[in-house]
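S.K.: These are the residues of each chain, in order.
2 protein chains.
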Amino acid sequence: MTPRRVVIIGGGFAGLFAARALRRSPVAVTLIDRRAHHLFQPLLYQCAAGILSEGQIARPLRAVLRRHTNVRCLLADATDVDVKGRAVHARRPEGGSVVVPYDDLIVAAGMRQSYFGHDEFAAHAPGMKTLEDALEIRRRIYRAFEMAESATDARDRRHWLTFALVGGGPTGVELAGQIREIAGHTLDREFRTIDPLKARVLLFEGADKVLAPFGDRLAGRAARALRDLGVELHLGTRVTDLDERGLTVKERDGTTTRHPARTVLWTAGVEAPPIAGALARATGAGQDGAGRIAVEPDLTLPGHPEIRVVGDVMALDHLPGLAEVAMQSGAYAGRAVRHAVEARTKKPKPFTYVDLGSAAYISRGRAVVKAGPVHLSGVVGWLAWLFIHIAFLTGFRSRLGAVLSWAVVFASGARRERAFVLPGTGPAQQDGVTAALREP
Amino acid sequence: MTPRRVVIIGGGFAGLFAARALRRSPVAVTLIDRRAHHLFQPLLYQCAAGILSEGQIARPLRAVLRRHTNVRCLLADATDVDVKGRAVHARRPEGGSVVVPYDDLIVAAGMRQSYFGHDEFAAHAPGMKTLEDALEIRRRIYRAFEMAESATDARDRRHWLTFALVGGGPTGVELAGQIREIAGHTLDREFRTIDPLKARVLLFEGADKVLAPFGDRLAGRAARALRDLGVELHLGTRVTDLDERGLTVKERDGTTTRHPARTVLWTAGVEAPPIAGALARATGAGQDGAGRIAVEPDLTLPGHPEIRVVGDVMALDHLPGLAEVAMQSGAYAGRAVRHAVEARTKKPKPFTYVDLGSAAYISRGRAVVKAGPVHLSGVVGWLAWLFIHIAFLTGFRSRLGAVLSWAVVFASGARRERAFVLPGTGPAQQDGVTAALREP
Numbered sequence: 000m001t002p003r004r005v006v007i008i009g010g011g012f013a014g015l016f017a018a019r020a021l022r023r024s025p026v027a028v029t030l031i032d033r034r035a036h037h038l039f040q041p042l043l044y045q046c047a048a049g050i051l052s053e054g055q056i057a058r059p060l061r062a063v064l065r066r067h068t069n070v071r072c073l074l075a076d077a078t079d080v081d082v083k084g085r086a087v088h089a090r091r092p093e094g095g096s097v098v099v100p101y102d103d104l105i106v107a108a109g110m111r112q113s114y115f116g117h118d119e120f121a122a123h124a125p126g127m128k129t130l131e132d133a134l135e136i137r138r139r140i141y142r143a144f145e146m147a148e149s150a151t152d153a154r155d156r157r158h159w160l161t162f163a164l165v166g167g168g169p170t171g172v173e174l175a176g177q178i179r180e181i182a183g184h185t186l187d188r189e190f191r192t193i194d195p196l197k198a199r200v201l202l203f204e205g206a207d208k209v210l211a212p213f214g215d216r217l218a219g220r221a222a223r224a225l226r227d228l229g230v231e232l233h234l235g236t237r238v239t240d241l242d243e244r245g246l247t248v249k250e251r252d253g254t255t256t257r258h259p260a261r262t263v264l265w266t267a268g269v270e271a272p273p274i275a276g277a278l279a280r281a282t283g284a285g286q287d288g289a290g291r292i293a294v295e296p297d298l299t300l301p302g303h304p305e306i307r308v309v310g311d312v313m314a315l316d317h318l319p320g321l322a323e324v325a326m327q328s329g330a331y332a333g334r335a336v337r338h339a340v341e342a343r344t345k346k347p348k349p350f351t352y353v354d355l356g357s358a359a360y361i362s363r364g365r366a367v368v369k370a371g372p373v374h375l376s377g378v379v380g381w382l383a384w385l386f387i388h389i390a391f392l393t394g395f396r397s398r399l400g401a402v403l404s405w406a407v408v409f410a411s412g413a414r415r416e417r418a419f420v421l422p423g424t425g426p427a428q429q430d431g432v433t434a435a436l437r438e439p
Numbered sequence: 000m001t002p003r004r005v006v007i008i009g010g011g012f013a014g015l016f017a018a019r020a021l022r023r024s025p026v027a028v029t030l031i032d033r034r035a036h037h038l039f040q041p042l043l044y045q046c047a048a049g050i051l052s053e054g055q056i057a058r059p060l061r062a063v064l065r066r067h068t069n070v071r072c073l074l075a076d077a078t079d080v081d082v083k084g085r086a087v088h089a090r091r092p093e094g095g096s097v098v099v100p101y102d103d104l105i106v107a108a109g110m111r112q113s114y115f116g117h118d119e120f121a122a123h124a125p126g127m128k129t130l131e132d133a134l135e136i137r138r139r140i141y142r143a144f145e146m147a148e149s150a151t152d153a154r155d156r157r158h159w160l161t162f163a164l165v166g167g168g169p170t171g172v173e174l175a176g177q178i179r180e181i182a183g184h185t186l187d188r189e190f191r192t193i194d195p196l197k198a199r200v201l202l203f204e205g206a207d208k209v210l211a212p213f214g215d216r217l218a219g220r221a222a223r224a225l226r227d228l229g230v231e232l233h234l235g236t237r238v239t240d241l242d243e244r245g246l247t248v249k250e251r252d253g254t255t256t257r258h259p260a261r262t263v264l265w266t267a268g269v270e271a272p273p274i275a276g277a278l279a280r281a282t283g284a285g286q287d288g289a290g291r292i293a294v295e296p297d298l299t300l301p302g303h304p305e306i307r308v309v310g311d312v313m314a315l316d317h318l319p320g321l322a323e324v325a326m327q328s329g330a331y332a333g334r335a336v337r338h339a340v341e342a343r344t345k346k347p348k349p350f351t352y353v354d355l356g357s358a359a360y361i362s363r364g365r366a367v368v369k370a371g372p373v374h375l376s377g378v379v380g381w382l383a384w385l386f387i388h389i390a391f392l393t394g395f396r397s398r399l400g401a402v403l404s405w406a407v408v409f410a411s412g413a414r415r416e417r418a419f420v421l422p423g424t425g426p427a428q429q430d431g432v433t434a435a436l437r438e439p
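Quick note, the sequences are listed as chains C and P, same order.
Sequential numbering from 0 applies to the first sequence in numbering that gives the first Met the number 0.
Sequential numbering from 0 applies to the second sequence in numbering that gives the first Met the number 0.
These are calculated hints, taken from the structure and not from any lab test.
Treat each hint with caution, since some may be false.
[Stated by the list, open to error] Chain C regions said to be covered by chain P (calculated; three or more residues, Cβ under 8 Å):
hint: 1; region: 81 to 95
hint: 2; region: 134 to 145
hint: 3; region: 188 to 198
For each residue, glycine too, the CB sits at the ideal point set by N, CA and C.
Please put together the full structure from these sequences, using the hints given.
M.R.: Okay, structure coming up:
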């Protein structure tokens, strides 16, 4: 008899943990993702900031699942679900589509950056969700200092040295801290015309505090740490216009202000990918404002016990978009399938999320950590952040590399991964220097 | 009195060594490059093959020259030289041009990939000169295995598993070896449908041997090592047509053969960048077939003692395009300017190249090294290669990292830098998993 077919859409934390939970089950798993790698999202901003390389935060899914012999990885973009025919339709990167039949479907498609209806902003203000985003942000940050150095007039130079970040969540806060550290530490003594320290970092947030979910006390400390670092906080502001030369924001009192800035980064919101809408239409499942799919307490869809939705794209008790939630819900769904395969009669307990806490890195020696009643900040918070991330990097071969990179940055400010490519450029001049030590 | 102005075009080995030679001179150096980084070309193929990260082979020029307080780095594309007005015209990446006056000009613009008049080949067969090239090749190599795995018909699968390399020089040989090692070692047990070991690697070379400049004995050993590795050598062939589905070659006997291959990489030839032609026109200097500029024994241009041409783009005694030549000629030009500044009356000795040898890596434990009368191959050659490259990586903070990366690849075949981005893709599904451990 052919093994039960389980299809998982998405190779993030949720999809990966679902696949792992099925390791010892007699099932045939197909993991569909439009990227070949699993991304360690919590450290994506460090790739953007030139501390870690792509390989240190992105591992090939098939390498991660190499020993899971019942899992097959498929590089494709899941476009639709045929609920009656029980099959997922997907598009391959080089064209051509595939139909993948399933007995059980686990949707872990995640969420993507949202520009709140202003998709035209995206071209001028990259988000921070993908490896592409991180490399684009790395390019923009380091290129801005180069452009400021070679600028021929003072105004132009000032605008190149102004960085605007939209969104006061962990990602926005971390990027703001990183840019100030690059300006004040990493680039020390490298420029002759500009003083990188003069770089202005403006952080725009709609709420009246950054990191609001961390609670007033930690949020206040984070704000103070950011101001000490030289970050200019613009709270209670809403972006009304944005282009390659800056942005316009509306203050609480209704006044609008224009802020010139040649680098604008966007970390403000998320929305569900198209596959979520397709699934909702096909199953009649409900969606919240951002497009998340409403699930039953056992993470299945109403009337579709064979379909489970997990991770960020799952709407359940307003759980946050956290890797921790993704891991736990993914693992729960995987176990549920395993129990069904083993034909257990006992009905599974509903999914319950165990909050293991959360952390945000602000700058060298400063972070905020919230774990239930425990609230940490400053150096203690930073040590907790370090411990947590080293622990979670386990299984990543780059764990040692990451720790070494962090040690070097902390001590000397030097960042190894600063190289950026200029899109659309031909062979570079220095690249003409050919194969050293090799061609006789 | 204002210091003498020295302008260096190109931040490769030649330009860098020229700048270093001027460190203690009372001159104002401007180093112009269209990239912000110095590229360690000899290991570029390891970046393409997923062993090293961009940051391990590309360091920001201003970081390298941080302590050279008399050097100013300018990220711009040198487009022309005003010989009468003694000024270099350059274009900034974001638009806007700059004019940089000089008293002494050192041209180290290097060479770029040549498709022998078939520039249309470039779109289907990336070269191996720039960081962009290496990342594109990395993407194509690893994507090919993904496409083969998800291919729906056997023929398509076969073509995705066929890699064609044009050019039997060190770069071509090294890439061929790398692809076979990836197929046979790195990807072991990662695929369910295909057997990566079945990947075919075809190496096309116009001469009747690979690595001809290494001499018959080493060339013969290299050929044998490649064949042992499973590389199919097509010697004495000339590419007559090339597209995204393969290439057509003309054999010595005039017969033409079509070789289907979804991945084609080009390492066959080099040509001078436009700035070389501009300089030749402006000075009346001669150029060889590839556009290299003919120089006097002291590396100046006839009638222009203030202009020196060094590195790959210099034509002198048919010296090869080698980092070693670039370093020595660049340092010579820098010293010559220093002596002129110090107003030394003694006429400088003509430039003489000291051949320190050359090496080519073939596969794990196999390399060929030629240093004058000393010819090494096999394990001995490989150890020599290792020693030379560790020595030359000195000053690169990534030296330790490189050695660690090599140790891991050698022992387990695992390569850390396999992550590739698919151009033109939006937010990936797994990327929807947001900031783990952070957002409460």
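S.K.: Please go over all the hints and tell whether each is borne out by the structure.
M.R.: Status of each hint after checking the structure:
no. : hint       : in the structure
1   : 81 to 95   : holds (count 4)
2   : 134 to 145 : holds (count 4)
3   : 188 to 198 : holds (count 5)
Violated hints: none; the structure is consistent with every hint.
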